[in-house]
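One-letter residues, chain by chain:
There are 2 protein chains.
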Amino acid sequence: MYPNWILQRAYLTPTRAALTFGNNSWTFDQIKEISLNRAEQLAALGIQHKQRIALLGPSQPRLIFMMYGCMHLQCEMVMLNRKLSKAELEYQIQDAEVEVVLVDETDVDILPANIQKLTFSTIEESKGVKVDIAHDWPVDQTITIMYTSGTTGFPKGVRQTVGNHQSSALSSVLNIGLTEEDVWLCALPLFHISGFSILVRSLLYGNEVKLYEKFDKECAVQDIAEGRVTHMSVVAVILERILHGLEEKQLKASPKFKVMLPGGGPVPKKYLERAHQLGIAVCQTYGMTETSSQTATLSNKDALRKLGSVGKPLFFNQIKIDANEQGREGEILIRGPHVTPGYIGRFAEKSPTIDGWLHTGDIGYLDEEGYLYVVDRRSDLIISGGENIYPAEVENVLMGHDAIREAGVCGIEDEVWGQVPIAFIVLKSDISEEELQKYCLEKLAKYKIPKQFYVVQELPRNGSNKLMRRKLKDLL
Amino acid sequence: MYPNWILQRAYLTPTRAALTFGNNSWTFDQIKEISLNRAEQLAALGIQHKQRIALLGPSQPRLIFMMYGCMHLQCEMVMLNRKLSKAELEYQIQDAEVEVVLVDETDVDILPANIQKLTFSTIEESKGVKVDIAHDWPVDQTITIMYTSGTTGFPKGVRQTVGNHQSSALSSVLNIGLTEEDVWLCALPLFHISGFSILVRSLLYGNEVKLYEKFDKECAVQDIAEGRVTHMSVVAVILERILHGLEEKQLKASPKFKVMLPGGGPVPKKYLERAHQLGIAVCQTYGMTETSSQTATLSNKDALRKLGSVGKPLFFNQIKIDANEQGREGEILIRGPHVTPGYIGRFAEKSPTIDGWLHTGDIGYLDEEGYLYVVDRRSDLIISGGENIYPAEVENVLMGHDAIREAGVCGIEDEVWGQVPIAFIVLKSDISEEELQKYCLEKLAKYKIPKQFYVVQELPRNGSNKLMRRKLKDLL
Numbered sequence: 001m002y003p004n005w006i007l008q009r010a011y012l013t014p015t016r017a018a019l020t021f022g023n024n025s026w027t028f029d030q031i032k033e034i035s036l037n038r039a040e041q042l043a044a045l046g047i048q049h050k051q052r053i054a055l056l057g058p059s060q061p062r063l064i065f066m067m068y069g070c071m072h073l074q075c076e077m078v079m080l081n082r083k084l085s086k087a088e089l090e091y092q093i094q095d096a097e098v099e100v101v102l103v104d105e106t107d108v109d110i111l112p113a114n115i116q117k118l119t120f121s122t123i124e125e126s127k128g129v130k131v132d133i134a135h136d137w138p139v140d141q142t143i144t145i146m147y148t149s150g151t152t153g154f155p156k157g158v159r160q161t162v163g164n165h166q167s168s169a170l171s172s173v174l175n176i177g178l179t180e181e182d183v184w185l186c187a188l189p190l191f192h193i194s195g196f197s198i199l200v201r202s203l204l205y206g207n208e209v210k211l212y213e214k215f216d217k218e219c220a221v222q223d224i225a226e227g228r229v230t231h232m233s234v235v236a237v238i239l240e241r242i243l244h245g246l247e248e249k250q251l252k253a254s255p256k257f258k259v260m261l262p263g264g265g266p267v268p269k270k271y272l273e274r275a276h277q278l279g280i281a282v283c284q285t286y287g288m289t290e291t292s293s294q295t296a297t298l299s300n301k302d303a304l305r306k307l308g309s310v311g312k313p314l315f316f317n318q319i320k321i322d323a324n325e326q327g328r329e330g331e332i333l334i335r336g337p338h339v340t341p342g343y344i345g346r347f348a349e350k351s352p353t354i355d356g357w358l359h360t361g362d363i364g365y366l367d368e369e370g371y372l373y374v375v376d377r378r379s380d381l382i383i384s385g386g387e388n389i390y391p392a393e394v395e396n397v398l399m400g401h402d403a404i405r406e407a408g409v410c411g412i413e414d415e416v417w418g419q420v421p422i423a424f425i426v427l428k429s430d431i432s433e434e435e436l437q438k439y440c441l442e443k444l445a446k447y448k449i450p451k452q453f454y455v456v457q458e459l460p461r462n463g464s465n466k467l468m469r470r471k472l473k474d475l476l
Numbered sequence: 001m002y003p004n005w006i007l008q009r010a011y012l013t014p015t016r017a018a019l020t021f022g023n024n025s026w027t028f029d030q031i032k033e034i035s036l037n038r039a040e041q042l043a044a045l046g047i048q049h050k051q052r053i054a055l056l057g058p059s060q061p062r063l064i065f066m067m068y069g070c071m072h073l074q075c076e077m078v079m080l081n082r083k084l085s086k087a088e089l090e091y092q093i094q095d096a097e098v099e100v101v102l103v104d105e106t107d108v109d110i111l112p113a114n115i116q117k118l119t120f121s122t123i124e125e126s127k128g129v130k131v132d133i134a135h136d137w138p139v140d141q142t143i144t145i146m147y148t149s150g151t152t153g154f155p156k157g158v159r160q161t162v163g164n165h166q167s168s169a170l171s172s173v174l175n176i177g178l179t180e181e182d183v184w185l186c187a188l189p190l191f192h193i194s195g196f197s198i199l200v201r202s203l204l205y206g207n208e209v210k211l212y213e214k215f216d217k218e219c220a221v222q223d224i225a226e227g228r229v230t231h232m233s234v235v236a237v238i239l240e241r242i243l244h245g246l247e248e249k250q251l252k253a254s255p256k257f258k259v260m261l262p263g264g265g266p267v268p269k270k271y272l273e274r275a276h277q278l279g280i281a282v283c284q285t286y287g288m289t290e291t292s293s294q295t296a297t298l299s300n301k302d303a304l305r306k307l308g309s310v311g312k313p314l315f316f317n318q319i320k321i322d323a324n325e326q327g328r329e330g331e332i333l334i335r336g337p338h339v340t341p342g343y344i345g346r347f348a349e350k351s352p353t354i355d356g357w358l359h360t361g362d363i364g365y366l367d368e369e370g371y372l373y374v375v376d377r378r379s380d381l382i383i384s385g386g387e388n389i390y391p392a393e394v395e396n397v398l399m400g401h402d403a404i405r406e407a408g409v410c411g412i413e414d415e416v417w418g419q420v421p422i423a424f425i426v427l428k429s430d431i432s433e434e435e436l437q438k439y440c441l442e443k444l445a446k447y448k449i450p451k452q453f454y455v456v457q458e459l460p461r462n463g464s465n466k467l468m469r470r471k472l473k474d475l476l
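For the record, the sequence lines run as chains A and B. Position 226, counted from 1, in the first sequence is what full-length UniProt numbering calls 226; the numbers after and before it change by one each time, with no gaps. Position 177, counted from 1, in the second sequence is what full-length UniProt numbering calls 177; the numbers after and before it change by one each time, with no gaps.
Next comes chain A alone, as it looks inside the complex:
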C-alpha cells in the first residue's frame, strides 16, 4: 500500500506552492481541499468509487482539480486527447466502456453527441455528499488510461498504475536530482504522459508546477530567462521556439534554470549547440505511454559526445536489445516497475510483455558504454510536433473509403514539425482531394491527416505481400 499522494503531500508540506496558473497560485493544502470537494461533488452526481470515467478539457487548474477528485475516488481516468476526431474519441470511449465523460464546457462540441457527459460546471456547482476517501492506494491500482496506437492500427488503452507512475517519478529524481526550489513549467497536454507525469512528480517531490494552457513562447522565454522555472519537458519543435525566442531577445537562461527534457523524437545537433550557447542544459529522453514517461535519459554532459543517443536507462529500468551480438541493432526491450501491466478493452487479453520485457517495436542498439541509440521508431511511427502518428491507423481510415483500394502512409521531414505524414493511395474509383480531406477530417485528428496524397498504381510490397513502408518514399 502506498499513501494517497494528494493527502500525503498536503500533510507533509501543506503551505508550499503547488500550482501556478497566470496570476493565481495554490498550495498543496488548498489543492487537497478543492480536490476533496470535487470528490464529494462527483459522488453526489453518481460517480462511484473505482468507476472508470473519461476526462476532457483544456490544460487549466480546474482539469487538475477534477483529476485529483477522481483520484480520491480511486477512479480509472481515461485521458481523452482534445485533438482527436469525434470518430476517434467514440472508439476510445466505447473501447474503455466508459459510461460518462467529465468535460470542460468549452470542449463539449469535441465529443460525439450521443455520449453521456457531465460538465465541469455542473460538477463544480453541485452540492457534495460525504464520501470515504482512501488514505492509501494499492500499488497495482490503475490511475490513468492513455490510448496509443501500434502495429495494428487500432489504438490500445494502456493502464498506468500507482506503481508505474511512482517508480517513474522516483527513477527520474535519482537521475536529475531534487531541491525545494524546483519549479516545473508544464506546457504539454495533461492528457499525454509527458504532461501528466509532471503532476505526479509535483505530488511526490513537493514542487511547484507552473501550468500553461498552451505553449506561449514569450512567457516561456521570460520564465526561463528570469529563473521563474527550473525544469521543462518539451518536444524538439518547442525547444527550437524557445531557443529562437531567447536569441531574438538576446537573453540567456537564468542560472536557476536546471534542465530541459526533450522527448518524442530526436533533437537536431544544431539545437543542442544553440542551447549550450544560451546556458540551457538539455537531457534528451526516450519514453512512451507504456512506460509512464521516461525510460532512458541522456545527461547534459554527454549531449554532444553521444549525439543521437537517448542515454542510459533510469535507475530502476532495464533496457536490452533483441539481437545476437552486443552493439548490433535489434528491437528495444524494456523492463522495470514503470512498465504497464497491460491494456483494457479489445486488447485486454494481449500481454504487453514477454517474460517481463516490453517489446517496444522500436529498433535500436547499445554502444560499448551502454548508451541507447534509437534508429527506427516502432511501426514506422511518425512523430509530428511530439504527437505520435501510426501509419497503420491512418491507412485503416483511408482504406475505409469506398474509392480507395490500398493505402500506404509514411513520414517526411518537416522544418516546423520534425515530420509530417503523407499518403500513397491506389484507387478503385475517382475521388477529389477535397473529398478526401473532408472524409479524413471526420475520422482523424488534424495532425494525423496526410499533408499530401499521391495516387499510384501499386504499393511496394514484399514477398509475403506485406506493405514495405520504407520504400514508399521512393515513389516520390
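Calculated directly from the structure, the hints in this document are not laboratory data. A virtual CB, placed ideally from N, CA and C, is assigned to each residue, including glycine. Any given hint could be a false lead.
[Claimed, not checked] In silico lysine-lysine, DSS-like type, Cα no more than 30 Å apart, as pairs: (1) B:K130 <-> A:K320; (2) B:K320 <-> A:K130; (3) B:K301 <-> A:K256; (4) B:K446 <-> B:K473; (5) A:K256 <-> B:K256.
[To be verified] Computed, partial: chain A to chain B, Cβ under 10 Å: (6) M1; (7) D136; (8) L170; (9) L204; (10) Y205.
The hints should help you fit chain B onto chain A, whose structure is shown.
Below, chain B alone, put in the same frame as chain A:
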C-alpha cells in the same frame, strides 16, 4: 524485479567517486570490479548463492567490498556488532543458523572460538571461480539481517529486504533532496542500519561516501568546515562533539554542508541552538532496525518551532497512534514499504505487524499539525551514545548469576552518553562488585553493563507482579 544496485550504479555512472577512505578513493566502476572479484572468491571458497552468512569487521573499505561481494551472490548478510560479548555473538550466530562468519583478521578474537570463520585475507588472496551474478533482485529478497532486542530480552534477527532498503532511501531523497555534489560522511558503524543505509543511498543516489573507521572529531570538523562533505548521520553525543570542535576552532560549517541527521534519541535544545549559530541545518529523525532507518524526520525549518518532535513521516510511510483521541499518547504504529517483513530464527513465526502496522512499543503522540513526538521509548529502551540497550536483556543476564534473585535495569541521564544503564538487584547470596563486573563482561557488550549496581530488598512490582521499571529510580 529491481536491478542489482551495484551493477546498475556502475553502469549508469561508472566514473563518479563512490567511496573515499583516508587518501584512497574508488569510483563506482572500481567498486563493481572489486566486489565482483570478491563474489568469485567467495564462491571458490564454498559460499553458495543465497546462503546466509555473517560479517564482522571494522568500518573499512574492505568490509564494504566484502558485503557487496555477498550481495552479488544474493547472500543474506547477518551484520554482527563488534561491541558485543562472545556470548551475545554466539547467540546471534546460532539463532541465525549461520555456518560461517566472514571476519576481518583484526576481529577474529572477538568471535567465540568454536565458530567457523573465513578471514577477509583468506578470501582476498584466493583465486576466484566463474559465477553467475544476478542482474536483478526480487523486491522481497533479504539483503541484511540485524539483531535488535525488545520486551522479551532475547535479540531478534530483523530481515531488511531489497524493497525495505530501497523505499527507505527513496523516501529520504523526497524529503532532503539530491544533487550530484552530495557527499555523505559515514562515521557510524556499518553493522547498524544508520551506517549501512548510507551505503544503500550511495548506490541508489550515485553519491560519494566518505568513510571513517571511527569517528574522528578533528577530521569531521575539518570536512564540515571545508565543505568536503554535505550530509552526515549522527547521534546526539557525536553532534555535540562536532559542535564543540567547530566552536573551539572558531569555525563554521561550509555553505556546502547541507544537513546533519541525528537519530537514536532526542537532541537537546541547546545543541540545536549552537548548530544554528554554526550554520548547521539539523533534521532530527526517528527510525529503527525494523524500518530500515528513518521513518520520520523533522525539517530544519521546524527544528526550534517543534522542539522535541521527530517530525512527520517520510513520503511513503504512515504513522498512527494507538489512542482513542487525536493528540493523545499511545503506542506508535508504523506502516509502509520500509517495514520489515519479519524475523528469522526463534522469532521467525512472530509477525512484526498487525494488519500491516508495526507495533513499535514506543509511546508518542501527533500534535494538531501531525508532528510526531516520542515520549517514551519501547520497553524502557535506554539509548547510550546511539546504541540501544534493552533493560530486559541485561536483567536476563544478571538473573542468570547464581547469587542474584531479581534484577531491574533502567537508564539515568549522562552528560556524555545521553543515558547509561544502572541495575537494582535482590541477592540470594553475597557477591562482590568485581565479580559482578567480570561476569557481565563475559556476557554483555561493554556499553550494556550497568554503571552502578544497587543492592535492594525488593523491586517495585505492580499487582500482577510485573516489574515497574519506571519506579526503579525512586529507590535511589
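Checked hints:
1. B:K130 <-> A:K320: Measuring from Cα to Cα gives roughly 23 Å; hence the hint holds.
2. B:K320 <-> A:K130: holds (23 Å)
3. B:K301 <-> A:K256: holds (22 Å)
4. B:K446 <-> B:K473: Measuring from Cα to Cα gives roughly 22 Å; hence the hint holds.
5. A:K256 <-> B:K256: Holds. K256 (chain A) to K256 (chain B) sits at ~17 Å (cutoff 30 Å).
6. M1: holds (7 Å)
7. D136: holds (7 Å)
8. L170: L170 (chain A) check passes; min Cβ-Cβ to chain B is 5 Å, inside 10 Å.
9. L204: holds (6 Å)
10. Y205: holds (6 Å)
When the structure is compared with the earlier hints, no violation turns up for any of them.
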